[in-house]
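Chemist: Sequence:
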Amino acid sequence: MNNNNQLDDFFGLKNKEDDKRPSIRETIAQKIQSKLRIRLIPKVLSTKERYVVVALILIVLGSVTAIPFTTYFHFTKEAPDYGGKFTEGMVNEPRHINPLLSQANDTDRDLVSLIYSGLLKYNGEGKIIPDMAQSYEISSDGLNYTVYLKENARWHNEEKVTADDIIFTIQIAQNSDYGSPQRINWQGVEVERVNDFAVMFKLQNKYAQFLNNLTVKILPKHIWQDIKPINFALSEFNLKPIGSGPYIFDRLKKDSDGKIRSYNLKTNKDFYGGRPFIDEIELKFYGSEDEMIEAYNRSEIESLSFISPDNLKRVKFKHRLNLRELKLPRYFAVFFNQNKSTVLSDKNVRLALTHATNKEALLNLVLEKQGIAVDSPMMGGVLDVPNNVKKYEYDLELAKKILETAGWVPSPKPNSEGKLTGEDNILAKKDQKLAVKITTSTWPELTEVAKILKEQWGVLGVDVSIEVLPTPELQQAIKDRNYESLLFGAVLNIDPDPFSLWHSSQKRDPGLNLSLYDNKAADTLLEDARQTLNPLERAKKYDDFQKLVIEDIPALFLYNPFYVHGQAKKVKGSNGKLISLPSDRFINIEGWYIDTKRVWK
4 MNNNNQLDDF
14 FGLKNKEDDK
24 RPSIRETIAQ
34 KIQSKLRIRL
44 IPKVLSTKER
54 YVVVALILIV
64 LGSVTAIPFT
74 TYFHFTKEAP
84 DYGGKFTEGM
94 VNEPRHINPL
104 LSQANDTDRD
114 LVSLIYSGLL
124 KYNGEGKIIP
134 DMAQSYEISS
144 DGLNYTVYLK
154 ENARWHNEEK
164 VTADDIIFTI
174 QIAQNSDYGS
184 PQRINWQGVE
194 VERVNDFAVM
204 FKLQNKYAQF
214 LNNLTVKILP
224 KHIWQDIKPI
234 NFALSEFNLK
244 PIGSGPYIFD
254 RLKKDSDGKI
264 RSYNLKTNKD
274 FYGGRPFIDE
284 IELKFYGSED
294 EMIEAYNRSE
304 IESLSFISPD
314 NLKRVKFKHR
324 LNLRELKLPR
334 YFAVFFNQNK
344 STVLSDKNVR
354 LALTHATNKE
364 ALLNLVLEKQ
374 GIAVDSPMMG
384 GVLDVPNNVK
394 KYEYDLELAK
404 KILETAGWVP
414 SPKPNSEGKL
424 TGEDNILAKK
434 DQKLAVKITT
444 STWPELTEVA
454 KILKEQWGVL
464 GVDVSIEVLP
474 TPELQQAIKD
484 RNYESLLFGA
494 VLNIDPDPFS
504 LWHSSQKRDP
514 GLNLSLYDNK
524 AADTLLEDAR
534 QTLNPLERAK
544 KYDDFQKLVI
554 EDIPALFLYN
564 PFYVHGQAKK
574 VKGSNGKLIS
584 LPSDRFINIE
594 GWYIDTKRVW
604 K
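In terms of this note's numbering, the sequence shown is numbered consecutively and its last residue is 604.
Hints are computed from structural coordinates only; laboratory data are not their basis. Computed from a predicted structure; not experimentally measured. Hints should not be assumed to be uniformly reliable.
[As the list claims (entries may be wrong)] No more than 25 Å apart at the CA atoms, straight line, and that leaves these computed lysine-lysine pairs for DSS-like:
no.	residue 1	residue 2
1	K394	K372
2	K440	K510
3	K523	K321
4	K393	K543
5	K272	K543
6	K523	K343
7	K543	K130
8	K543	K330
9	K573	K319
10	K523	K550
11	K433	K394
12	K153	K130
13	K262	K88
Make the full structure from the sequences, and use the hints.
Modeler: Below you can see the structure in the form of structure tokens.
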């Protein structure tokens, strides 16, 4: 029996009597018994054992549940999605959202950059790239520029952008009746229609920086052609524009005094550069930077168009912002007018002042480290002009020695009886005191710099006085070149052309040669560089030019402050560090995004 049972078990055979199934009553009894056992588990297990069992169950359940999510995130990545809105504060309300009239107002320029587009644009790294242009060609003699348009570029009213719009815009800019500040850039330039989607610009003389001119935004001819010059600045299209850019005017809101308080833009879904990801932008306008910051601190806006160094500490909720430190092609300097000061006509004095100036202290005390020191008149980003120029390092002892060698020594100081019994702290040469007057504007940053320079130069033995002038008086002083030394700023293009700032022909108004610098060799280099199309050759000429200026010391170059854009952290995708204008912070805004989605890798 036992052997048979073993064989049956081995071959899987069972007797019929063994195959008898339990009755329903037995089955129910077994289930009840099992449930009772399960219920008894908590009573049988200790508290620690119960926690272990529960933890194991949760781990198993969590692992099973996490598998699909882990797999999903492993094989997908985050990508921009359409949607979202951000609000940015700006200083001053818009007046002329018109590319030919916007130069005097940063808010106008900002809106022009969002609503309009040009043939070319800067890419955020200092390079010019096509915008509405598909491509362009330059003739071998450098006098003719042919531009081919993208045929899918359209105005916001769905009309096509054509060569006629380009020609119309340039002719308006050239016509003095329209009063455009752009006129100076288009003198001596002819523009001809090649076909519906191509134009040719003809120059009288080669001009290496002409591509920069082609970044001007274009007006729609069919909208503006019937508006007379006298009404050009008054047209409603200056506030309700029709452009071809990534964003479309939607609505504006005015207060009871008629001032524009907010301006809403919506995405251009048919934008030739691709539909922008962010659906809506709301811009709010304030009377001053202080008011704008207060609005941000009240959570009324999410981004700030600009934050000056002295206001950074006043901004709350910095964790909500991405502080973009953008570099503009500009610098601040003390321009020496040797025609107005015999003291400054002494090169040894100018040399000593450069060595007595602690630029790092200026950056720390005035700019909160939001800037870089500058040692040259060349700023920009397109040309690789060498930066390894001669630097006048801060060295107070060397500065004192230079002055002493040049004959500047402590002057006699009279006592209470009028007898010369001691020495004054102010240096003198023969009967002439070492005195310098700094003229500057009421802008707080510059007045603070002037005070620090007075302190630094005072240690050297220089009698420094400061003249702070309101804007109208300062403009007149600059026009008349009525100053000994001028603490002021200079602005270049990314593709630099310092001709108007340093050529001897620009010593008088309306030129901007603020130091009245006159060097024939420098003039020749500036003239030749303007007509040199080869970037490497042009960079070499500008390098030779900057070496001459640095050697002659017609100015004391100080610093280049960053343009700090307080951008809401929720906005992603902004890039670029080098911009030509503050409005260029919106470069490639069609690629900015707020919402995201996951896509397969």
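Chemist: With reference to the structure, classify each hint as holding or not holding.
Modeler: Structure-based check of all given hints:
1. K394 to K372: Distance ~20 Å between K394 and K372 Cα, so the pair holds.
2. K440 to K510: Measuring from Cα to Cα gives roughly 20 Å; hence the hint holds.
3. K523 to K321: 51 Å, violated
4. K393 to K543: Given that 25 Å is the threshold and the Cα spacing comes to 16 Å, the pair holds.
5. K272 to K543: 45 Å, violated
6. K523 to K343: It holds: about 21 Å lies between the C-alpha atoms, which stays within 25 Å.
7. K543 to K130: Since the Cα atoms of K543 and K130 sit roughly 19 Å apart, the hinted pair holds (cutoff 25 Å).
8. K543 to K330: Given pair K543, K330 holds - Cα atoms ~23 Å apart, limit 25 Å.
9. K573 to K319: 17 Å, holds
10. K523 to K550: 14 Å, holds
11. K433 to K394: 31 Å, violated
12. K153 to K130: 20 Å, holds
13. K262 to K88: 24 Å, holds
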